[in-house]
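If you read the sequences in order, they're chains A and B. If you read the first sequence in this note's numbering, its first letter stands for residue 1, the second for the next number, and so on. If you read the second sequence in this note's numbering, its first letter stands for residue 1, the second for the next number, and so on.
Derived from the structure by calculation, the hints contain no laboratory data. Values in this document were obtained by computation on a predicted structure and should not be read as measured data. We put the beta carbon where it would ideally sit given N, CA and C, even for glycine.
Selected chain A positions facing chain B (Cβ under 8 Å, derived; list incomplete): (1) 221; (2) 223; (3) 234; (4) 280; (5) 283; (6) 286; (7) 291; (8) 305; (9) 306; (10) 329; (11) 330; (12) 338.
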Amino acid sequence: MSEKFKVLYYVNQFFGQVGGEDKAGMPPEYRPEKVGPALGFEGALQGEGEVVGTIICGDNYFNENKEESLDFIRKTIKEVEPDVVVAGPAFNAGRYGMACGELAKAVAEEFEIPVVTGMYIENPGVELCKDKAIVVSTADSAAGMRKALPVMAAITRKLAKGIELDAPAQEGYIPQGRRKTLFVEKRGSQRAIEMLLARFKGEEFETELPMPVFDQVDPAPAIKDLSKATIAVCTSGGIVPQGNPDGIQSASAQKWGKYDVSGIDELKAPDFYSTHGGYDTAYANEDPDRVVPLDILKEYEKEGVIGKVYEFFFTTTGTGTSVSNAQKFGREIGAMLKEAGVDGVILTST
Amino acid sequence: MVKEIERYGIPIVHMATITTISESVGANRIVPTVAIPHPVGNPSLSPEDEYALRKELVGKALKALTTEVTGTTHFE
Numbered sequence: 001m002s003e004k005f006k007v008l009y010y011v012n013q014f015f016g017q018v019g020g021e022d023k024a025g026m027p028p029e030y031r032p033e034k035v036g037p038a039l040g041f042e043g044a045l046q047g048e049g050e051v052v053g054t055i056i057c058g059d060n061y062f063n064e065n066k067e068e069s070l071d072f073i074r075k076t077i078k079e080v081e082p083d084v085v086v087a088g089p090a091f092n093a094g095r096y097g098m099a100c101g102e103l104a105k106a107v108a109e110e111f112e113i114p115v116v117t118g119m120y121i122e123n124p125g126v127e128l129c130k131d132k133a134i135v136v137s138t139a140d141s142a143a144g145m146r147k148a149l150p151v152m153a154a155i156t157r158k159l160a161k162g163i164e165l166d167a168p169a170q171e172g173y174i175p176q177g178r179r180k181t182l183f184v185e186k187r188g189s190q191r192a193i194e195m196l197l198a199r200f201k202g203e204e205f206e207t208e209l210p211m212p213v214f215d216q217v218d219p220a221p222a223i224k225d226l227s228k229a230t231i232a233v234c235t236s237g238g239i240v241p242q243g244n245p246d247g248i249q250s251a252s253a254q255k256w257g258k259y260d261v262s263g264i265d266e267l268k269a270p271d272f273y274s275t276h277g278g279y280d281t282a283y284a285n286e287d288p289d290r291v292v293p294l295d296i297l298k299e300y301e302k303e304g305v306i307g308k309v310y311e312f313f314f315t316t317t318g319t320g321t322s323v324s325n326a327q328k329f330g331r332e333i334g335a336m337l338k339e340a341g342v343d344g345v346i347l348t349s350t
Numbered sequence: 001m002v003k004e005i006e007r008y009g010i011p012i013v014h015m016a017t018i019t020t021i022s023e024s025v026g027a028n029r030i031v032p033t034v035a036i037p038h039p040v041g042n043p044s045l046s047p048e049d050e051y052a053l054r055k056e057l058v059g060k061a062l063k064a065l066t067t068e069v070t071g072t073t074h075f076e
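Using the sequences and the hints given, assemble the complete structure.
Pasting the structure below:
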């Protein structure tokens, strides 16, 4: 029996059992032990591999200090010399996903070490690293942990032993956009005709070459005369009037709100606060202008720099919110802004 | 949301700290901000300095809205 392969694990402050949003600013630290999901993950390696240590880093710290965080990870890799690096799973957590994605990309590019992570398909971290690392397709919340870990572990075992992975759908990872040459029984013309016939008959078939979907929106033309322009402000930072009258969800938002700010010069606490469940709202609750800069816009209006601040501001929470809901909110808000003749929009995100 | 609003032909600027997310969602005008929990504020500054910082950041956003761009552009 050969020696066990070594895994270095990465988790955020929450899964690292350090704390919640109040600890999201913690710099990375290394512990020579298994923390959080690393424990269950090692169990799923079935004795073939060992998690030699866990890096824990706050989500805010990583995203605000990317290079410092990556340097710490590089340094740890050089000391620990793992055979595989595993991060997450991050599910649909945006900041955690970005951290796992940046780490996966950097490690896969700079070291000859395979990297395995796990994310929900809509996590913005997927695009960062899916072509460099293996991103296991997970559920959108931590409820999917028990399903995700064995899949990540099975892939890790193969990679550590240099075994080639099967196709993404079979193994459970997100396609990397690679094409591989392989032997099949039927030649291409025959497979194509069979697919065509299946399509004619309304039967199911699976394409061998899914078409990429590109959705870029061309930049809208710039505002010509700012001093005559109406500017609207929107946020995904969850700022709402006291009492949250429309009941905007603190995560996975199903709706957005618009609130009249024509009669006020700033967003004062406690008249406004943040209902967002994905960041530490202490600073926003102290002064909501730190998220929605209404005070400044009103001043620019007084100075004549801009024509007018649009009478409503628009708000929702952007944590765990599905892409399809965000698109719907954008379409609805955009239609209203267009109708109102708004010339430009500032959208702030936390 | 940024992309869907821009689809109506209205210029929009995304003020965000994790600008890599702004890029991946397809924002064309981006102003990098201070920190995730306080994008346009900084509680460690005096109220006057914080106000001046916010004014500067929003000024950059307005400049972005009056600047023609052809693709993803950061205004720093």
